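Fit chain C to the supplied structure of chain H, relying on the hints for placement.
Chains as they are written, first to last, in UniProt numbering: chain H, 1 to 298; chain C, 1 to 551.
Note that these hints are calculated values from the structure, not bench results. Please read these numbers as outputs of a predicted model, since none were measured by experiment. Quick reminder that beta carbons are idealized off the backbone N, C-alpha and C, glycines included. Hints may be right or wrong, so weigh each one.
Covered stretches of chain H, going by a simulated chain C footprint (3 or more residues, C-beta under 8 Å) [claimed, not checked]:
1) 117 to 125
2) 223 to 231
3) 234 to 240
4) 245 to 258
Label-pair ranges, simulated between beta-carbon atoms [as the list claims (entries may be wrong)]:
5) I24(C) / D195(H): 47 to 57 Å
6) V26(C) / R231(H): 24 to 34 Å
7) I527(C) / D195(H): 37 to 47 Å
8) Q262(H) / D49(C): 14 to 24 Å
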Amino acid sequence: MSTLLDPNILSKLADLPLIARRLAHGLLQGPHTSMMRGTGIEFSQYRAYEPGDDLARLDWKLFARSDKYFIRQAERESDIKVQFICDSSASMSISGKSANTSATLTKIEYARMLIATLAYLAQQQGDSVSLSAQSSTVQIDTSMHNGQRHLQRLMVNLAQIECHGIFPGQQRQDLARILSANMVVLVTDFSQQDDEIFEFIESLAGQNREVIVFQLQSLQELNFSYQGLIRFIDPETGEDKIVNAEQIKTDVLTRQQAYMQQVKQRMNKLGIELYSCIIEQPLDDALRHFLQNRMKLR
Amino acid sequence: MLFSSQFLTIVWPYFLLALLALAIPVWIHWFTRQKPEPLHFAQLNLLPDTKPFARKHIQLQEKRLFIIRSLMVLVSVLLLVGLMVNNDDNRARQANAINLLSIDYLELISVNDLERIAERAQQSSSLSFLLVPGYPQFNDEDFSQLITAKGQGKERIWLTEYCNESDGDDSLPANQWHGIVNFIEYLQSQQAYQDDLPLNLYVSRQLKYYALQLNPVPIEPELNWHFPTTESAVINDGLTSGLNDIAILIIANESRHSHALQLQAAIQQINLAGLAKVNTEVILPSQLKADVSKLTSTTGVILLTDNETPTTVIESVIDSLPGNSFFVIEDAIAVTEKEKIAARELNLGQQGGQFAGMLLEPVLFRKRLNQNDKASAFSNKQWPILSQQDVWTQGNTPLLRVSQIQPNNESEAIRLWQLNSRFHPQWSDLLEQRQLPHLLYFLIFSNQLNNTFSEKYLLPQSWLKRLNPVDDSNGNIGTDAKHKVTARPMLAKAIARQKTQQLSQHQKQQYNHWQEIFAWLLCLLFIAERLLSELQSRPHRQSREGDHEAS
Numbered sequence: 001m002s003t004l005l006d007p008n009i010l011s012k013l014a015d016l017p018l019i020a021r022r023l024a025h026g027l028l029q030g031p032h033t034s035m036m037r038g039t040g041i042e043f044s045q046y047r048a049y050e051p052g053d054d055l056a057r058l059d060w061k062l063f064a065r066s067d068k069y070f071i072r073q074a075e076r077e078s079d080i081k082v083q084f085i086c087d088s089s090a091s092m093s094i095s096g097k098s099a100n101t102s103a104t105l106t107k108i109e110y111a112r113m114l115i116a117t118l119a120y121l122a123q124q125q126g127d128s129v130s131l132s133a134q135s136s137t138v139q140i141d142t143s144m145h146n147g148q149r150h151l152q153r154l155m156v157n158l159a160q161i162e163c164h165g166i167f168p169g170q171q172r173q174d175l176a177r178i179l180s181a182n183m184v185v186l187v188t189d190f191s192q193q194d195d196e197i198f199e200f201i202e203s204l205a206g207q208n209r210e211v212i213v214f215q216l217q218s219l220q221e222l223n224f225s226y227q228g229l230i231r232f233i234d235p236e237t238g239e240d241k242i243v244n245a246e247q248i249k250t251d252v253l254t255r256q257q258a259y260m261q262q263v264k265q266r267m268n269k270l271g272i273e274l275y276s277c278i279i280e281q282p283l284d285d286a287l288r289h290f291l292q293n294r295m296k297l298r
Numbered sequence: 001m002l003f004s005s006q007f008l009t010i011v012w013p014y015f016l017l018a019l020l021a022l023a024i025p026v027w028i029h030w031f032t033r034q035k036p037e038p039l040h041f042a043q044l045n046l047l048p049d050t051k052p053f054a055r056k057h058i059q060l061q062e063k064r065l066f067i068i069r070s071l072m073v074l075v076s077v078l079l080l081v082g083l084m085v086n087n088d089d090n091r092a093r094q095a096n097a098i099n100l101l102s103i104d105y106l107e108l109i110s111v112n113d114l115e116r117i118a119e120r121a122q123q124s125s126s127l128s129f130l131l132v133p134g135y136p137q138f139n140d141e142d143f144s145q146l147i148t149a150k151g152q153g154k155e156r157i158w159l160t161e162y163c164n165e166s167d168g169d170d171s172l173p174a175n176q177w178h179g180i181v182n183f184i185e186y187l188q189s190q191q192a193y194q195d196d197l198p199l200n201l202y203v204s205r206q207l208k209y210y211a212l213q214l215n216p217v218p219i220e221p222e223l224n225w226h227f228p229t230t231e232s233a234v235i236n237d238g239l240t241s242g243l244n245d246i247a248i249l250i251i252a253n254e255s256r257h258s259h260a261l262q263l264q265a266a267i268q269q270i271n272l273a274g275l276a277k278v279n280t281e282v283i284l285p286s287q288l289k290a291d292v293s294k295l296t297s298t299t300g301v302i303l304l305t306d307n308e309t310p311t312t313v314i315e316s317v318i319d320s321l322p323g324n325s326f327f328v329i330e331d332a333i334a335v336t337e338k339e340k341i342a343a344r345e346l347n348l349g350q351q352g353g354q355f356a357g358m359l360l361e362p363v364l365f366r367k368r369l370n371q372n373d374k375a376s377a378f379s380n381k382q383w384p385i386l387s388q389q390d391v392w393t394q395g396n397t398p399l400l401r402v403s404q405i406q407p408n409n410e411s412e413a414i415r416l417w418q419l420n421s422r423f424h425p426q427w428s429d430l431l432e433q434r435q436l437p438h439l440l441y442f443l444i445f446s447n448q449l450n451n452t453f454s455e456k457y458l459l460p461q462s463w464l465k466r467l468n469p470v471d472d473s474n475g476n477i478g479t480d481a482k483h484k485v486t487a488r489p490m491l492a493k494a495i496a497r498q499k500t501q502q503l504s505q506h507q508k509q510q511y512n513h514w515q516e517i518f519a520w521l522l523c524l525l526f527i528a529e530r531l532l533s534e535l536q537s538r539p540h541r542q543s544r545e546g547d548h549e550a551s
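With the rest of the complex left out, here is chain C:
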């Protein structure tokens, strides 16, 4: 709604239509012919036949009144539209950046970081939008809770006043779109965004990964990605190898070799996304036996088991891994009835390439970390469990469990990730599709037990088909055209809207200042109009009074 140029700012530009009201005094003073007043007069023969010069004469008389009345209308309109002249200070305070703050970023950062961002945003008068990707159920109440938890002072005001603005679109408000799909669509749609202001994206690394994976976003100027500093505890905890040198060992027999390569490729995606640099190496269990020293220099191990994988491998890995590293094994967590497992066994051979993922088939042994579980595959070796948490569950079934175990009293704890790949119906999709790198990223970089894996980031089936077109039942190949994104330039809209709606504190002061000036001017003009009008009508009255006195 707001119009702003280098010199002027108009808060309600639509009201400029009221300038049409200027036609009223123009019409009255210039286009309305004065109608002669009919009067009875007895002695008409006393009147000379003089051509009256009434119209021109009256117009000249009322010229000043016309100017004042026109000015009154003009000043009223200016008062109405909220015109203000931008001074140098005001111009410097024009918005110079667009901030997109995602809700997951908000969740991950500390209060201090948020305060810093809010302060920077306010100082630079940048426009800020809160993005809510991946949270289908995120509602106003959640938002207010989050703000209450995060914001304490200025940053809370900033969050509530500036970030929670809608672009007024009926279907999908810019800052309240839900889900990762919306976020990506949103970014893709920004091709229409042609603002020269830099676009700062405050998001989690996961979001950036998806954004880059799904489609490069051709936005000019470039997106400035900002990630929460606390997102990856591994990195922050001073991992000796650092971001650029994370070594992951994938142990797999030849029967799982293809899966191992797939994993390797997925991890490569993380590298390509620029989120981290992860070196991977695929080795056979026999190789590990020969050279256990490989484990000492690794950050984490992923073990893909099969029938021939000896249980001793697990033990040796756990014993040899350095502290603060992780170990991912495929497991059937919390399954107590062996028959059920057997009944659900899948034949890899039958699945073929369709499920060429990390499917745990067949499961020959049951691994229990519970010391009391006699059937545990680790019965020969008992490790003290420092803590244990199911970070991803499906109903009552844990799908992903992380445990901190201490191989011996001297060594530091390692994270043991147990991935229950068997009992999740979407699992094959997950591994097959683009979620795998994400899951790996999560497994690798998150060592916080309370940092639960979010299903909210899982892509829906329709999107998976779009990304990986495969033959469907009719033999047709899914194409992008079939699922064309109806991209709307929502950011451009939202920015334009917020630009027009949001007055900075300084601008508000300017607005009030100018409103005051116009109001005074209007009062003065009104007084002048009344005085002049009175002066013009005085001769009439004086003549009447004169008549009385004369009589």
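Pulled out of the complex, with its shape left as it was, chain H reads as follows:
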């Protein structure tokens, strides 16, 4: 797993496309066979045979000519519309705490990289991608297209996302376009005031539309590993509570588990894939887990 990229290092890199490419290539060259290239009509490239490759994909003619084993690869054609939705409410600006370094990744940075990588992967297999950043104050929307240039525009938009306000309610202009997508990927921390995220997800679920939700959490939030007297401030509403962290830890963890259970139940009920990501952990892990799951579903 030497290719795992430390989120702290990634946080220092400003070049989002580079990160996405690096992450995607890391995944493609990993132990698993490539998802996006394989059998198809349009020839793409040859590559050397590797043990484990399907013998059916061997180019026997080429073997006859060169006496070497090559696998014939072709670009898969796809017309899936993938809509990426990034929760850009203020709570996404919360960063994780690193034990040994001061550099930490915020949820929004993690979300940017995650979306950028997935968008890159989708673009590589010819899918149309679109990005929508959701907050009560700023909304970023890109059109649904495929192609390298569109991906670059998406990356730029992705980098420009800023966290403000709360997650918006049902009244939104882009819902129709979102609903036209075949696959919706939502990256959120499930920080909501009044079930607005649940309601939004429920509105997305439907036939011929796959909804995938990435829930971002920090380790501190997950374990409530805070110490001493803390004034907890809700970045979305500005409300605060002064508590002793150790004193309420058990209570909070119980409540949190109940809430997570509720989230999982509701997602399961809607048939939505839910992936929990810890922002202090390498992004590769989350992506690999996601892609492996996708392979199983295939």
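Only chain C this time, still in chain H's reference frame:
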């Protein structure tokens, strides 16, 4: 600076102010409210509305740390102030006497005596001060020369380390005051000295004489006077009559009778001062003629001459005096021109009572001890001169000359003091005032030719006026109030200062011992503080590590 009680000694008590630093841990641990750390948290609704018990809880947690930190500050301060606990041995070594050692005493005593004093002072842990009265020009170089000459071993160290301390007074250091006036002022000022330690004064008899003459010094406890054993050679040389029985014959005609009585009174002052017991008798030259045997039982003779005094008196006195005695005559020493003498002749009648001293007027004859001097008044009689020395000169003019002469081959030498009263401008004052007894004392008791008469002991005019108020030109009478001594309790100051500055050898060892203890204690407390601090912060780290493992 040093504070010392029965149980404790603090070398730098002012640093006790550093104890205020104890307020720092107190402030940090007890008065500083813990400020809640602001943190963004997404799901505030997950947090229960529990009232935090943070402050009290944290205080309880850190109580041990507070105690250790306070102890650290306390031990640091104790290390800084140089605290030491006095044990029995240390208490016994507290200073038990004050020694004032005058510089003239130092000059007169032998090395052995000095060694004895130094040893006694060190054994008794007494505080010692060197007094420099009567030496206006005495400087550090002189002092070091004197120490080099006198001190050889321990006593030199004692002199340099213990006696040469200053009381830190800007104007006049206690042990470096100059002149007899300072000494007397010093003693007078000691009314403020209220220490129960005995005060040992190591001085010459002259100083004691002045001290007692000028003003009784009301000091409690009493002053313990110590005199050099070699000061008076007459006494030490085994004068048969001893201190209590010195007989002096004053030979004077009726015209000098008043002067003779004055002399007698001056000698009486010596008796009153307790320096010696001198019996005096005033006789006429004619009486001496009749009974020369008086001379055989006398220690010394003072001859006051006038016009009618026959020169034969001198001869008969010198011939009849027993050996080892002295003979004081008024003389005009080393005056070679008769005209000059005549020109300076004074008329006693004109001088009146103002100069009712031993003025040699008129001088009718010139006395020469020089055998080659034909004009000598003693031309009829020649005595072999064993040695001769001018002990007091004014410029090139000798004022006091002592000669050892041998009347005949069989007899012992006698001292012939020639007092040139004529040519010293201060002479009338000297005789009139309080210096006369001193001069007499010097003449009587000193037979050492190298023991020169010191002008340093002469009182200045202002002091003479104070002591003997006379009508000045305006008819006003000088009073003591006019010349009030600005007495300062310098000895008390100096003693207090030296008490606070001077650590005995034993105390130094104690000091080092306690400093070592406090330093170790501080190290241990520091380690304990670090460990405890580490232990308190460990749960934080463990929880963080636990988070990682869990993830």
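Going through the hints against the structure:
1. Beta-carbon proximity to chain C at under 8 Å applies to 0 residues in the region 117 to 125 of chain H; the threshold of 3 is not reached and the given coverage is violated.
2. Coverage of a stretch by a chain is defined here by at least three residues with a beta carbon nearer than 8 Å to that chain's beta carbons; for the region 223 to 231 of chain H and chain C the count is 8, and the condition holds.
3. Judged by the Cβ-Cβ criterion of 8 Å, the region 234 to 240 of chain H is covered by chain C as claimed, because 6 of its residues qualify and three suffice.
4. With a cut-off of 8 Å between beta carbons, the region 245 to 258 of chain H has 6 residues touching chain C; three or more are needed, and the interface restraint holds.
5. A hinted range of 47 to 57 Å for the beta carbons of I24(C) and D195(H) is consistent with their spacing of about 52 Å.
6. Checked against the given bound of 24 to 34 Å, the beta carbons of V26(C) and R231(H), roughly 26 Å apart, stay inside it.
7. The beta-carbon spacing between I527(C) and D195(H), approximately 56 Å, falls outside the hinted interval of 37 to 47 Å.
8. Between Q262(H) and D49(C), the C-beta spacing of about 21 Å keeps the proposed range 14 to 24 Å intact.
Consistency note: the structure conflicts with the earlier hints numbered 1, 7.
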